[in-house]
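2 protein chains.
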Amino acid sequence: MKGKIKQIQQYLSSRSIDAAFLTSTENVCYTTGFRSNPHERWLAVFVPQTGESTLICPGMEEEEARHAGWEYRIIGYSDTENPIQLLHTLLQTKNMAVSSLAIESSHLTVDRLNLLKESFGSFDIHSIDQQMNDLRVVKSQDELVLLRKAAELADFAIETACSELAEGKTELEILAAIEFELKRKGITEMSFSTMVLTGKNAASPHGNPGLNKIKRGDLVLFDLGVVYQGYCSDITRTVAFGELSKEQIKIYETVLAAELKALEMVKPGVKASDLDLAARKVIQDAGYGDFFPHRLGHGLGLNVHEYPSITSDSDFILKEGMTFTIEPGIYVPNIAGVRIEDDVLVTENGYETLTKFPKTLQYY
Amino acid sequence: MKGKIKQIQQYLSSRSIDAAFLTSTENVCYTTGFRSNPHERWLAVFVPQTGESTLICPGMEEEEARHAGWEYRIIGYSDTENPIQLLHTLLQTKNMAVSSLAIESSHLTVDRLNLLKESFGSFDIHSIDQQMNDLRVVKSQDELVLLRKAAELADFAIETACSELAEGKTELEILAAIEFELKRKGITEMSFSTMVLTGKNAASPHGNPGLNKIKRGDLVLFDLGVVYQGYCSDITRTVAFGELSKEQIKIYETVLAAELKALEMVKPGVKASDLDLAARKVIQDAGYGDFFPHRLGHGLGLNVHEYPSITSDSDFILKEGMTFTIEPGIYVPNIAGVRIEDDVLVTENGYETLTKFPKTLQYY
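From first to last, the protein sequence lines stand for chains A and B.
Residues 1 to 364 (UniProt numbering) make up the first sequence, in order.
Residues 1 to 364 (UniProt numbering) make up the second sequence, in order.
No lab work stands behind these hints: they were computed from the structure.
Each hint should be verified, as a subset may be incorrect.
[To be verified] Within a straight-line C-alpha distance of at most 25 Å, the following computed DSS-like cross-link-like pairs (lysine-lysine) qualify:
id	chain 1	residue 1	chain 2	residue 2
1	A	Lys213	B	Lys250
2	A	Lys185	B	Lys267
3	B	Lys267	B	Lys169
4	A	Lys200	A	Lys213
5	B	Lys250	B	Lys213
6	B	Lys185	A	Lys169
7	B	Lys169	A	Lys185
[As the list claims (entries may be wrong)] Derived DEER-like restraints, expressed as beta-carbon distance ranges:
id	chain 1	residue 1	chain 2	residue 2	range
8	B	Gln7	A	Asp79	29 to 37 Å
9	B	Lys200	A	Ser78	22 to 30 Å
10	B	Gly242	A	Ser78	32 to 40 Å
11	B	Ser14	A	Gln229	49 to 57 Å
12	B	Met60	A	Asp313	17 to 25 Å
13	B	Glu243	A	Glu40	17 to 25 Å
14	B	Ser14	A	Gly168	27 to 35 Å
15	A	Asp313	B	Lys117	21 to 29 Å
16	B	Leu277	A	Ser119	30 to 38 Å
17	A	Asn114	B	Met60	34 to 42 Å
18	B	Lys2	A	Thr50	39 to 47 Å
19	B	Lys200	A	Leu90	34 to 42 Å
20	B	Ser245	A	Asn37	29 to 37 Å
It should be emphasised that the depicted structure is a prediction, and the values quoted were computed from it without experimental measurement.
We put the CB at the ideal spot given by N, CA and C, even for glycine.
I would like the entire structure built from these sequences, with the hints used as guidance.
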């Protein structure tokens with residue numbers, strides 16, 4: 001926590017910016033250790049170029065923030081107080097003026113920027129978004145413990161899903177069973193809406209889980225993730241229910257070959273775009289180039305989709321300690337929809353997959 | 001849909017604003033009928049003071065938007081296109097300049113406002129937030145059909161919750177069962193994180209569902225809501241598991257009296273603040289004034305918390321056709337946490353509760 005605040009202060013110093021004002025749940029959690037959903041209330045961290053940082057949170061959450069490990073100042077406000085005005089008053093007592101401020105410009109709303117201006121007067125506005133992305137891209141050992149646990153729970157969810165497969169069951173019934181079992185393990189928050197898609201529904205780019213029933217000869221696609229103490233996992237597996245056609249199998253094997261191709265290239269120094277292009281080439285060479293319409297993957301951490309995006313035109317270079325997904329897919333309408341996705345950690349000389357559920361075609 | 005666009009255009013005309021640019025999922029749904037979660041992509045409706053409106057959405061969602069009933073122009077963009085630039089180009093071909101624009105200032109981010117400025121050059125910025133609140137506060141018959149259905153499903157969820165109560169079961173197990181049964185009915189989206197809180201946990205303002213076990217003599221609090229075709233419900237019931245103490249019963253009866261007191265005052269023309277004050281007085285008179293720390297309720301519709309806020313200092317006057325919650329509560333640490341919440345429709349001469357689960361103290 002201290003190290004993270006210090007890194008932000010070094011950045012502010014290098015750019016001669018007076019202070020940073022972080023407002024997204026994820027960046028507040030990253031810098032303070034305190035994770036909270038403020039809904040319509042203010043949650044923010046004010047980091048001056050030098051001196052003590054201040055967490056702004058609802059008064060009734062102060063204790064929790066302390067408990068989470070935040071050692072610096074807290075402005076805990078009531079619903080009748082204006083927390084920005086409280087911050088301004090505090091800074092005045094410290095004789096600190098804010099003539100330049102780095103905000104999360106992709107998160108702060110126009111209204112909130114105006115409220116800041118009302119209290120602080122005019123100031124130069126900088127965006128700290130890319131800097132926060134750069135800081136967060138390489139994970140600490142503490143973060144990796146949580147990411148591993150989140151991935152382990154995702155594996156468990158896929159196991160549960162597979163054990164629930166039965167002829168005539170609906171996608172929603174299986175989805176319900178997955179989340180039921182996760183809640184029994186204390187997990188109430190998913191990284192995103194769980195997907196259980198079968199047959200034609202998995203082959204459609206618009207697929208959403210519904211009352212479609214599992215039937216023999218279908219491929220069933222599961223895409224899900226859990227949030228564990230703020231950190232996200234994201235796994236996709238596609239399995240066979242009964243015997244498949246030759247084309248279904250060919251599509252599955254092509255996606256798997258693409259995923260493995262990209263995976264085995266992973267190590268520090270490799271261009272993210274090369275992974276995407278290599279996986280894409282495997283799919284193109286098999287004749288399915290038109291049926292892989294999305295990027296290869298994305299960064300993973302406090303957000304389920306975070307920096308960097310793993311695309312064919314990304315200029316990002318892989319770094320040791322970063323975590324991201326690899327998730328090629330082929331979707332041929334009325335034939336098959338297959339995606340295979342792992343959470344991947346870049347290690348000193350290569351990679352480790354955090355998600356471990358088998359990828360050879362599983363039959364149920 | 002046409003009527004709503006027309007109302008926005010009348011507003012723009014009355015204020016001499018060139019156009020409105022709506023960006024929240026809820027306001028886009030309200031004006032177009034099309035509900036979509038764009039994640040990091042753009043979803044917006046551009047409404048000029050006169051002439052045809054334009055929906056901006058990812059290209060692969062165009063068909064769905066048509067299906068939802070949107071009859072006007074659509075800009076369906078690909079991931080490599082800049083939708084704002086596409087809109088700007090379109091307006092240029094129509095010889096339309098934008099010198100003033102009404103935005104959702106509580107939703108639009110600083111980055112996105114900058115992107116609008118990059119394409120459109122400088123323009124006067126107005127906020128359309130309050131106008132959209134005013135439009136949305138009174139529900140149409142079509143909206144009421146969905147709100148009633150959402151409330152009916154909330155009642156079903158409470159019934160499920162109560163039928164699951166058993167000594168030694170954890171809060172999370174009951175929560176899991178509630179959402180499992182809802183999924184079997186096709187409901188995958190809750191209005192907010194479901195709350196199942198028992199005993200001391202219900203009496204704490206920080207309560208979150210966990211591994212606390214149901215035991216005899218506990219009050220159990222359920223607070224939940226479902227999203228049905230975009231519309232939200234929000235219900236709270238507190239029930240007895242086994243015999244209660246006199247004080248627990250007194251607290252329950254006080255909350256119920258406060259809720260009924262506010263309810264029976266509901267009709268068009270009444271001040272929202274009077275409802276809050278009347279319920280608060282019942283609780284104060286019973287000696288629990290310090291233990292009702294929140295507002296009486298909030299508007300309900302496409303958002304689970306929307307305009308107006310039902311507080312002691314609200315100057316809002318109730319209108320026929322509006323829907324909101326009434327939810328007094330008393331939380332005495334280590335003794336009892338009780339809240340009772342209904343979804344209420346203001347009718348011509350009074351009110352109707354959309355949530356129907358019994359409120360006399362239920363014993364299990």
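So which of those numbered hints doesn't the model satisfy? Hint check: 1, 2, 3, 13, 14, 18 fail, others pass.
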